[in-house]
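Chains as they are written, first to last, in the numbering used here: chain A, 1 to 411; chain B, 1 to 296; chain C, 1 to 328; chain D, 1 to 234; chain E, 1 to 242.
What you were told as hints is all true, and nothing was included just to trick you.
A few chain A residues facing chain B, derived, Cβ under 8 Å:
1. Asp167
2. Gly198
3. Ala224
4. Gln227
5. Met236
6. Ala253
7. Leu258
Among the chain B residues that face chain D by a calculated CB cut under 8 Å, a handful are:
8. Asp176
9. Cys181
10. Gly182
Hints are computed from structural coordinates only; laboratory data are not their basis. Yeah, the Cβ is synthetic: ideal placement off N, Cα and C, and Gly gets one too.
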Amino acid sequence: AQQEQKSEETPKAEVLYFGAPLSLSGKYSKEGQMSLWGMQVAIKWINEVHGGLKVGDKVYKVELKYYDDQSNKEVVQSLIQKLADQDGVKFILAPYSSGLTLAAAPIADQRGVLMNSHGGASDYIFEQGYHYVVQTLSPASKYQTGFLDMVKSVDPEAKRVAMIYEDNEFSRAVFKAAGEYAKQLGFEIVFDKTYPKGVQDLSPLLNELAAAKPDVIIGGGHFADGQLLVSQLADMKINVKAVSILVAPALPAFYDALGTKAEGVCGPAQWEIGVSYGPEAAKKLGIDYYGPTQDEFLKMFKEVSGTDEPPSYHAAEAAAAVLSYAYAIEKAQSTNPDDVREAMNTIEFMSVYGVWKIDPETGKQIGHEMVIIQWQGGTKKIIWPPEAANADPYYPMPTWEEKEQGKLATK
Amino acid sequence: MVGDHLVSNLFYGALLGSVYGVATMGLSMIFGVLRIVNVGHGSFVMVGAFTAFWLFTLYSIAPILSIPVALIFGIALGFVIFQAVMKKLVDAPELSTLLATFAIGVFIEETAKFIWGSDYVGFSWDIGTLYLGSITVPYTKILAFVASTIIAGLLYLWFTKTKLGKAIKAVVEDRDGAAVCGIDVNRIFTLSFALGIGVTVMSGVLVTLFVPVGINVYMGADYTLRAFVIAVLGGLGSPWGAFIAGFLFGLFENGSYTLLGMIPGVEPFALTRFVAFVFLLVILLVKPTGLFGGEE
Amino acid sequence: MQMGKLKALVPMVLVYVILLVIGLTVPGMWQPVVYFMFYVALGQAFNIFLGLTGYVDFGYVAFLGLGAYGMAIALQNFAHLGLVAIPIGIVLAVIMSVLLSMAVGAVALRLRGAYFAIATIGVNEGFRFLLVGTKLWGGSEGIVLSGFMRKAFGREIANYLSTFVSDLLLFLVAFLAALTTVVILNKKMGYALLALREDEDAARVMGINVTKYKIMAFITSAAFAGLIGAIAWTLKLTYVFPEDVFNIHYTVEAIVIVMLGGAGTLIGPMIGGLIYGVLKYYLSVIFPGVQLLILAPLLIVTIVAFPEGVAGYLIKKTRNSKLAEYLR
Amino acid sequence: MLTVKELEAGYGEMQVLWGVDLKVGKGTITAILGPNGAGKTTTLRAIFGLNSPWNGSIEFDGEDVTFLPPHRKVEKGLTMVLEGRHLFPGMTVEENLELGAYTKRAEERFEDSLELVFTLFPRLKERKKQKAGTMSGGEQQMLAIARALMTAPKMILLDEPSQGLAPKLVAEVFETISKLRDEGLTILLVEQNVFASLDIADYAYVLGEGKVVTEGTVDEIKDSDEIKRVYVGV
Amino acid sequence: MPLLKLENVTKRFGGLVAVDSISLEVEEGEALGIVGPNGSGKTTLYNLISGVYYPDEGRIIFNGEDITKLPPHRRTPLGLARTFQIPRPFGSATVIENVAIGAMFGAGRDVDSALREADEMLELVGIDHLRDKEAKLLTPLEKRLMELARALAMKPKMLLLDEVMAGMNPSDINRILDLLDRIRKEEKVAVVSMVEHLMHAITRFAERVVVMHQGKKLIEGETYEVLSHPEVIEVYLGKKVV
Ligand SMILES: Nc1ncnc2c1ncn2[C@@H]1O[C@H](COP(=O)(O)OP(=O)(O)OP(=O)(O)O)[C@@H](O)[C@H]1O
Ligand SMILES: Nc1ncnc2c1ncn2[C@@H]1O[C@H](COP(=O)(O)OP(=O)(O)OP(=O)(O)O)[C@@H](O)[C@H]1O
Ligand SMILES: [Mg+2]
Ligand SMILES: [Mg+2]
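Using the sequences plus the hints, can you model the full thing?
Right, here's the structure in full:
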């Protein structure tokens, strides 16, 4: 049962394979599933709406070959080789997470196949000199900077920043950059502590954090600890003017889990339903718009996934990675990975996910912008950057006591 | 100030520790009677957490009321697993049961993922907050503590005072000997396993009372690891010892934070774990069978 | 020791050769074959301790982890010397895991059964949190080497190291671990371990210096673990993260492999490793997303059918036949 | 009281019993004799249900109990003293005895049984609080018999009860056994101590290689060639 | 010089004095029987000699060396071997492996000669047909015979046997007694000390008998004399047997 996508009408069209090791089981299975659907949507668009990839006088249909990497680094390597050697795939969508991407990189590099990272945010992947590895999502260093910009612009008085985050390489990269950026903006870091993975109780840390009397808190790491952090801030009634948490708030499950405690909590997201990326916006910037519009994307996503679950940013990232290959292949008019890699250096386009442009030197994403979301009255609003925003920031956020009285972060 | 922190951290540690304790008792019980090392332990905690979550989300049943439901559900689950798999391995080498429990754990997680998806879910059940000097703590956590302590006490009484409890001990010591006394050895095995799983699933409810968020099908791994350590600290096969050890472990983990926080240039939270494990090793060196363990 | 006793290695060498040939000739099969070999090597190394002494070291992965760090540190510090950095790394990996095993052995091997098992979890976790807590060796950010290696050795060689050389070395390690096992089994040490595995007190009364043999097996096994960590992780993956290399999941997998094959046997870990690796890989290729749901019942059925492992069963069955010499 | 027909049993794939027929009359002592490895222990274990019979039937007290698990047999009044004692080593003498009276029927007669046991073995009364595992070999044997009596049995299967007992005590134990019979207990006895057991038995079977070789009243057996061959070493 | 010398050895368990100030000498090549009522301290005495317990008081001297505080595994190489009243085989190992382990570590043989030696011992004891059986599958009696073979394979100077013959039928007992006689005579150094409640075995075997009672040495002397002593009959035998 090879998982492939077949389109019947044009039997003459040649098939071009994209390949992906996906985390369908294990700790990243949530993200893996979203990524798969996102890729399938993009491919569907390429084949059915766009009419396949036109390279010279040939038209290619794109098909996806994917396997489950079980979020396991040993499996990833085997799968990359299988994709490259047995399935003849030249365009690989990298596995989820920085670690797995790094594990896959030497094999891809040696086989000379392209690898496009849609789930590995760490900057250092792109500091290792892998020519064939490029990035679609914004790197870790960008995650919390937008939030700080926002705070500075709405409340120049807020000075005291507390950082409390999970101790892993990703969060460290995020907060190292955020800390430096905060100082540049004139903030003072009054608290900077980590907690290990798998904690059940942050009270000792929060005790200390409260004593530092911060104005704003930035923190988090993954889903579980992000939820725990907010839940315990509420338990211990630690009130600040704004909170931005990595990763967790971007998912609907965050609000489901925390209810009104989530009101006013912010978080960075690679993408969010409702962002104002579209053909108009592209035209303003003078670049191409490529791929489905947001409405098309949502519609096709529903078809592909067969659920009512809205796409998360993982889906959009993955779709954008697929689209970037397609766009670059058409630009290069070649399916040779070297030519395509060359073309990727020069392209700049917009998709449902936003702008795509890489640094030619490292392959790192530099075109795409993070957005900041905030939970307001039970919905996720985009509050930053102003160009993408669909709501004003609610600042300062309601206190925990106010929220218990039923106050929401709406005016 | 440091003193304040220490007091409140110890308080939080005690609450946490009681939950750790109950979340270990089932593991200890199963090991004690059947010599089965349940490496799938955490997946049963997870099942309990989801039980509380769904009962609350779908039927608004307060988590505290889910405790008996989870116990019964867990016992049923344990019963089925024992009859289907473990029964056949009672006489097999000890470690082969470890393979089986590993596979069962994986199976439960993946089945759960199939049914419940891989989201991180949670709920909030607010019943107010206790303010006590420097301590601010929601009543749900106090409730988790009280419930844990009562459960542990009841289990202790059951084990030491009832006939069935004694029969279990007899089976542990000599199976054939128990049979000639008229004890149904198979029933004791089934019962102990089912009850061990039941207590574990039930502890999942307590865990969610304590931490009502971050409930996920893969949440169990951390509990397995910690339960192992606590079970040994308390003396394997001694559920009561497990409870006390859990309590100490919680105190130690949170309490040492205050002190380690004073060392510059380190991550105190990670070091609390380090210190807790050093504590374990030291205890074992002094008393090689744990705090409350008999001879091995 | 007579050569005759090495006969037991024949089926194993045969399998290794077949695997090598498949890996080298069938396109796309090299990495999968290496993936199977990772589990075989892991099982083979762990068996020297777990299988032969009956002691379970739940913290076994710490030795792989330390080996991985040994190699990483060597590459970081000696890459300017060229490729010698790799043998240096191998030596350092072995030294580091051996040192840890001596420390742990001296302290924890006094404990029995499950107490030992879990004390070693403490060692593994404790070590991880120590690294993270004190930010030693990069703390949670680990050590990322690919860029470094590519600069030092050039892209071609660096890729070659990670995608071929490390893999061949892994075959070698697996073979050496098996050879060591055979040698031990046929020496007095093998019998001493057999005795202590069954009844440590009785073995002591019979004049066996139990502690000495336990520690010897422990150190040997740890040294192989260090090699695997250095080769299959650092050299191959080109990075080391503490969370990855001190992950207890690998210990559990190693136990599963040894038990699946048959603890204390020579060929068991290979059979177990192959079964586990092949199933895990092909199920993920054929049934992506549900493979674990299939793998778990398969494991259960196997262990219920062969409680002493597949090889354990075969060995018992063939005990009085001609085949017996080839199966141990 | 007990009728065994065509009993076959074994371990793993190895068959040990090849069709054993036995009859034990109510209130009698029946002895099973035979060389080492003949299958005497296996016979008792199979009757009691510790090894499930492969074939054949077992009737106890007028009921078919062939496949009844051991604990159900104890409830019906059948129990066994195992070769190798199988006490609860970590528990005290007292606790061992309490567990002997585990079934409901036995619990009701707890006081009486305890008194009986303590008169038979005063040493046990002295050592009520000692852990069973630390008792001497002979003391453990006493406790094993005592524990069996605590189950308030109608019939006891005794596997080498005199093993490890000092000669003086052996004589006492045999006396006890015959006293118990006189009080109405039925006893199936396996012994190496042939002549002592034949002195108290009513009927005897000689087992060889998993089959009954001879059977008969005590006097018949005493004179049989089988007995001479095995026990006198002719 | 006696091979083994106990000087006022005492062992207490809580309030109970299991071995009460026992002094004893055993000569090279001697066949000594130890008898006494149940619980009189015979096994405890063996445990003290082999090092399972250490005495609370007194000294134990073996072959001129003070071994009072020596751990068990240091005593074996000196030539002390024993069997256990409740057998402790290496269960998953085969019978031959069990015995060979004795030869290897007790007698310092290399693997191959130990296996050869073990085969011989199995034959001597009469359980060679069980050679490749897993030890845990043996009956209690077979296990004790295997322990005897294992102890013999250790080529001890002194062999402590704890009720090896209980439950054995008379013809087998005779065979084992012959065997013990032979090793005692052929391998001159061997001293056998035996605890047994079977009087016909003791009378045939022992040259000298020690009777223990409540932890103390009740009487010691030539076998027939001791066994017909009225006090021995009173506390141990119950009636006259010889
Ligand atoms: N657990 C077991 N597994 C395999 N074989 C066994 C087991 N127990 C006994 N046997 C075998 O079964 C046969 C009969 O043994 P059984 O114990 O019934 O003999 P027995 O007549 O009681 O002898 P003894 O007088 O020595 O007690 C023997 O050959 C023995 O080796
Ligand atoms: N570890 C112990 N703790 C407490 N009491 C013990 C311990 N070991 C032995 N005893 C007691 O010491 C006494 C002597 O026991 P020992 O085993 O030496 O007797 P024995 O002479 O070998 O008797 P038997 O002939 O019945 O085997 C017994 O009363 C026994 O209960
Ligand atoms: Mg028998
Ligand atoms: Mg004794």
